[in-house]
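**Q** Build the full structure now, drawing on both the sequences and the hints.
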Amino acid sequence: LATLTGYHPLHENLHAQCMLALHRSGRRWQALEVYKTLRGRLVEELGLEPSARVRKLHQAILAADPRLDPVPAPGRQAAA
Numbered sequence: 001l002a003t004l005t006g007y008h009p010l011h012e013n014l015h016a017q018c019m020l021a022l023h024r025s026g027r028r029w030q031a032l033e034v035y036k037t038l039r040g041r042l043v044e045e046l047g048l049e050p051s052a053r054v055r056k057l058h059q060a061i062l063a064a065d066p067r068l069d070p071v072p073a074p075g076r077q078a079a080a
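The sequence shown begins at 1 in the working numbering and counts up one residue at a time.
Everything labelled a hint here was simulated from the structure, so no lab data went into it.
Only true hints are included.
Below 25 Å or equal to it, Euclidean Cα-Cα: the simulated SDA-like pairs (lysine to any residue) are:
no.: 1; residue 1: K36; residue 2: P9
no.: 2; residue 1: K36; residue 2: H8
no.: 3; residue 1: K56; residue 2: H11
no.: 4; residue 1: K36; residue 2: R53
no.: 5; residue 1: K36; residue 2: S25
no.: 6; residue 1: K56; residue 2: Q30
no.: 7; residue 1: K56; residue 2: L10
no.: 8; residue 1: K56; residue 2: G26
Pair by pair, the computed Cβ-Cβ distance ranges are:
no.: 9; residue 1: G75; residue 2: T37; range: 36 to 46 Å
no.: 10; residue 1: A21; residue 2: S51; range: 14 to 24 Å
no.: 11; residue 1: G6; residue 2: P74; range: 29 to 39 Å
no.: 12; residue 1: G75; residue 2: H8; range: 28 to 38 Å
no.: 13; residue 1: L48; residue 2: A73; range: 31 to 41 Å
no.: 14; residue 1: E44; residue 2: A2; range: 12 to 22 Å
no.: 15; residue 1: P74; residue 2: G40; range: 36 to 46 Å
In this text, a Cβ means the ideal position worked out from N, Cα and C, and glycines have one as well.
**A** Right under this line is the structure:
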């Protein structure tokens, strides 16, 4: 995903998926850096803030919202 976001620096959905994947793999600070980079590019190049969806994801990562935690596959128990 990181490579794809490099090829598509203004594609919010790719960045959101990258943020979520990083957060779920325990790399929260990197997820926040992805947001910071995306926001900077959007503001600089288009004069726009990220979409409400991406801003909500950013806030959820900042708050360590448990709803972002990975969901176990059917038939598997969550790791303790």
